[in-house]
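**Student:** Sequence:
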Amino acid sequence: MFNFLKKLFGGETVDFKELMANGAKVIDVRTPQEFAGGHIKGAVNIPLDSLDRNLKKIQGYNKPLIMCCASGMRSGRATSFLKSKGMTEVYNGGSWVSLR
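According to the UniProt record's numbering, the stretch in the sequence shown is residues 1 to 100, in order.
Don't take each hint at face value.
[To be verified] Beta-carbon label-pair distances, calculated as ranges: (1) V97 <-> A21: 26 to 36 angstroms; (2) P32 <-> R100: 16 to 26 angstroms; (3) T13 <-> R100: 26 to 36 angstroms; (4) K17 <-> G38: 11 to 21 angstroms; (5) R100 <-> M73: 27 to 37 angstroms; (6) G60 <-> N22: 27 to 37 angstroms; (7) T13 <-> Q33: 30 to 40 angstroms; (8) G86 <-> G38: 25 to 35 angstroms; (9) A36 <-> T13: 16 to 26 angstroms; (10) Q33 <-> R53: 15 to 25 angstroms.
[Unchecked claim] Pairs of lysine-lysine, PhoX-like flavour, derived with a Cα cap of 25 angstroms: (11) K57 <-> K83; (12) K17 <-> K63; (13) K17 <-> K57; (14) K63 <-> K85; (15) K83 <-> K56; (16) K57 <-> K85; (17) K56 <-> K41; (18) K17 <-> K83; (19) K41 <-> K25; (20) K41 <-> K17; (21) K83 <-> K25; (22) K63 <-> K83; (23) K57 <-> K41; (24) K56 <-> K25; (25) K25 <-> K85.
Hints are computed from structural coordinates only; laboratory data are not their basis.
These numbers were taken from a predicted model, which means no experiment stands behind them.
Backbone N, C-alpha and C fix where the C-beta goes; we use that ideal spot for every residue, glycine too.
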């Protein structure tokens with residue numbers, strides 16, 4: 001249903017499992033406390049409020065990035081921020097739980 005709505009309203013459909021299998025980096029933008037409570041194996045925790053300070057580190061990954069958080073709100077903001085900085089292969093993965 002969600003993919004249908006994305007197609008209907010012009011959103012992109014992304015196969016996150018395939019991206020991760022091909023080396024995409026998962027960046028979890030939740031707080032360190034939230035991250036400690038559970039996260040995607042191999043994910044990096046860079047809280048939303050520290051993205052600007054970590055921009056060079058993030059750009060240095062040189063691979064597609066999948067942003068995630070608890071619900072998709074913060075990861076959406078993170079995706080928009082990174083795209084505004086010229087990064088093109090950045091995807092909003094939504095809730096980290098949905099990426100497991």
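**Student:** Take the hints in turn and mark each one as holding or not.
**Tutor:** Status of each hint after checking the structure:
Separation of V97 from A21 is about 19 angstroms and departs from the stated range, judged on CB atoms against 26 to 36 angstroms. A C-beta distance of roughly 20 angstroms is found between P32 and R100, which places it inside the suggested range of 16 to 26 angstroms. Taken as a hint, the range 26 to 36 angstroms is violated for the pair T13 and R100, whose Cβ atoms sit roughly 19 angstroms apart. For K17 and G38, the hinted distance range of 11 to 21 angstroms is satisfied, since their beta carbons lie about 18 angstroms from each other.
At about 19 angstroms, the CB distance of R100 to M73 disagrees with the hint of 27 to 37 angstroms. Checked against the hint of 27 to 37 angstroms, the C-beta distance between G60 and N22 comes to roughly 18 angstroms, which is inconsistent with it. Remark: the range hint 30 to 40 angstroms for T13 to Q33 is upheld by a beta-carbon distance near 32 angstroms. Range check, G86 to G38: about 32 angstroms between beta-carbon atoms, so the 25 to 35 angstroms window is met.
Checked against the hint of 16 to 26 angstroms, the C-beta distance between A36 and T13 comes to roughly 32 angstroms, which is inconsistent with it. In this structure, Q33 and R53 meet the distance hint of 15 to 25 angstroms, their C-beta atoms being roughly 19 angstroms apart. Pair hint K57 plus K83 holds up; C-alpha atoms about 15 angstroms apart against a cutoff of 25 angstroms. Our distance criterion of 25 angstroms between C-alpha atoms is met by K17 and K63, whose separation comes to about 15 angstroms.
Pair hint K17 plus K57 holds up; C-alpha atoms about 23 angstroms apart against a cutoff of 25 angstroms. Proximity of K63 to K85 is assessed by CA-CA distance (about 15 angstroms); at most 25 angstroms being required, the pair is judged to hold. Straight-line distance between C-alpha atoms of K83 and K56 comes to about 14 angstroms, which keeps the hinted pair within the 25 angstroms bound. At roughly 13 angstroms between alpha-carbon atoms, K57 and K85 fall within 25 angstroms of each other, so this suggested pair holds.
About 23 angstroms separates the Cα atoms of K56 and K41, which keeps this hinted pair within 25 angstroms; it holds. Straight-line distance between C-alpha atoms of K17 and K83 comes to about 21 angstroms, which keeps the hinted pair within the 25 angstroms bound. A hinted pair counts as satisfied when its Cα atoms are at most 25 angstroms apart, and K41 with K25 qualifies at roughly 11 angstroms. About 13 angstroms separates the Cα atoms of K41 and K17, which keeps this hinted pair within 25 angstroms; it holds.
Between the alpha carbons of K83 and K25 the distance comes to roughly 16 angstroms, so the proposed pair stays at or under 25 angstroms and holds. The straight-line distance between the Cα atoms of K63 and K83 is roughly 14 angstroms, inside the 25 angstroms bound, and the hint therefore holds. For the hint linking K57 to K41, the alpha-carbon distance of about 19 angstroms falls within 25 angstroms, and the restraint holds. With a CA separation close to 15 angstroms, the supplied pair K56 and K25 stays within the 25 angstroms bound.
Straight-line distance between C-alpha atoms of K25 and K85 comes to about 18 angstroms, which keeps the hinted pair within the 25 angstroms bound.
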